[in-house]
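Please take these sequences and the hints and turn them into a complete structure.
Under this note's numbering, the sequence shown has 85 at position 66, and the numbering climbs by one with no breaks.
Everything labelled a hint here was simulated from the structure, so no lab data went into it. Quick caveat, the model's predicted, so the values are computed rather than measured. Hints are supplied without guarantee of correctness; some may be wrong.
Claimed, not checked - Think about it this way: if two alpha-carbon atoms lie no more than 20 Å apart in a straight line, the pair counts; the simulated DMTMM-like pairs of lysine to aspartate or glutamate are:
id, residue 1, residue 2
1, K166, D140
2, K186, D224
3, K186, D203
Unchecked claim - Pairwise CB distance ranges, derived in the manner of DEER restraints:
id, residue 1, residue 2, range
4, G255, G88, 46 to 54 Å
5, Q247, A344, 46 to 54 Å
6, T206, G322, 43 to 51 Å
For each residue, glycine too, the CB sits at the ideal point set by N, CA and C.
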Amino acid sequence: MNAPPRPPADLATVLPFSFKQHFHRIDMTKKYIRAVAMAAAAVSAMAYAGLTQAAPTPALQLTLLDSAGARFSEANAIANSGAIVGAAAQDWGIAFRATAWQGGAFNVVGGNASRALGVNDAGQSVGLTYWRYNETHAMVWSNGTAKDLHTFGAYKSEARDINASGKVAGWAFYTVIPIATVWDASTGQRTDLSGIESEAYAINDSGQVAGWQNVGGYMHATVWTGTQAIDLGIPGQGSLARGINESGLVVGTSSDSNWTNFATVWNGTVATRLSSLSYGDSHAWDINNHGLVVGNSRDPGTGGQHATLWVGTDIVDLNTYLDPALALQGWVLTTATGVNDQGWIVGMAEQSINGDLKRSAFLLSPIPEPSAYGMALAGLGVTALMSRRRQRRNVTQTC
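Okay, here's the thing in structure tokens:
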């Protein structure tokens, strides 16, 4: 099947990431959050209608999350409650385990060779456990207990996201192809969304599911309402949906006829390709209910992937917020995987010195600034805030 190349940080395949600093919660000012969220939402609505007016870029503080000295860790999702889930491994050759961070506390939630990929506000997390070579089982972890969602007759399954009602989106292999699937976390009941090759990555509280299915030999971004599929793709081009918010805005990746990848937002079936740090090779991983989008884009200087934030259609390289001391130590924020409605962003950072590789989960959290929320409440008079943007491009293309 023709398909756009998967991002190098695809969470089904990467090793977990490590970290050094201790997590601490930021006492965020609610007034600031509301103001920035309102401004971002207003600008996002205009941007996705085809405008490119700038929105305030929030001031953010970086924390490399602590996981008891693990060499590798990853943060894969964040809930509005502040719960973060991912995975960690102590060192090379040691199996990674599903992990969670909440209120400064680090916990291991899964057994050996497991990974947490999604979480809801009730603290239920979902992901996968490796049972034997190339066989994975979809899992739900809640209140210290684990539930195996694996379906009899399937040799491989993965759970990617869970909504407030406990509906779990993912996929199961019954033959050599995956089938997009929704499970009930309580009962384990399974509903297959498609009869063709497909995968489900995200589910909102209304039960809309985002993912992809095979259309004419190409991956096409798809949204399911129940088992009714809406094809978001363009014939002869590949696309993949990874996130969906409560308004039904969908984010992911689409490619052009030259197989160049672009971070993309779909409003209904209308696709907007977002800015990139360099032409193409960008991917959107998540969108919150205020329209903030996170993902990664290739840095034109190093050629490596950089974690990115899109405010409206403007791009921000999240390495802007990397402490200079950490930058000198070789740390790079490579991928942003999740953003909640408070503007907290999670993802992965990497450090490589003379071939010595470390990877770390990170959190970027808003810093309350009276000038920031004052300007946001003033309506979008953001000249001072715009001057902070060290990485911005305006190469937005609507397809």
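Here is what the structure says about each hint:
The hinted pair formed by K166 and D140 meets the criterion: a straight-line CA distance of about 18 Å does not exceed 20 Å. Restraint check: the Cα-Cα separation between K186 and D224 comes to about 9 Å, which is no more than 20 Å; the hinted pair holds. For a cut-off of 20 Å, the pair hint linking K186 to D203 stands: about 5 Å separates their Cα positions. For G255 paired with G88, a C-beta distance near 49 Å keeps the hint of 46 to 54 Å intact.
Q247 and A344 have their C-beta atoms about 52 Å apart, which keeps the hinted 46 to 54 Å range intact. For T206 and G322, the hinted distance range of 43 to 51 Å is satisfied, since their beta carbons lie about 48 Å from each other.
Going through the hint list in order, the structure satisfies each hint without exception.
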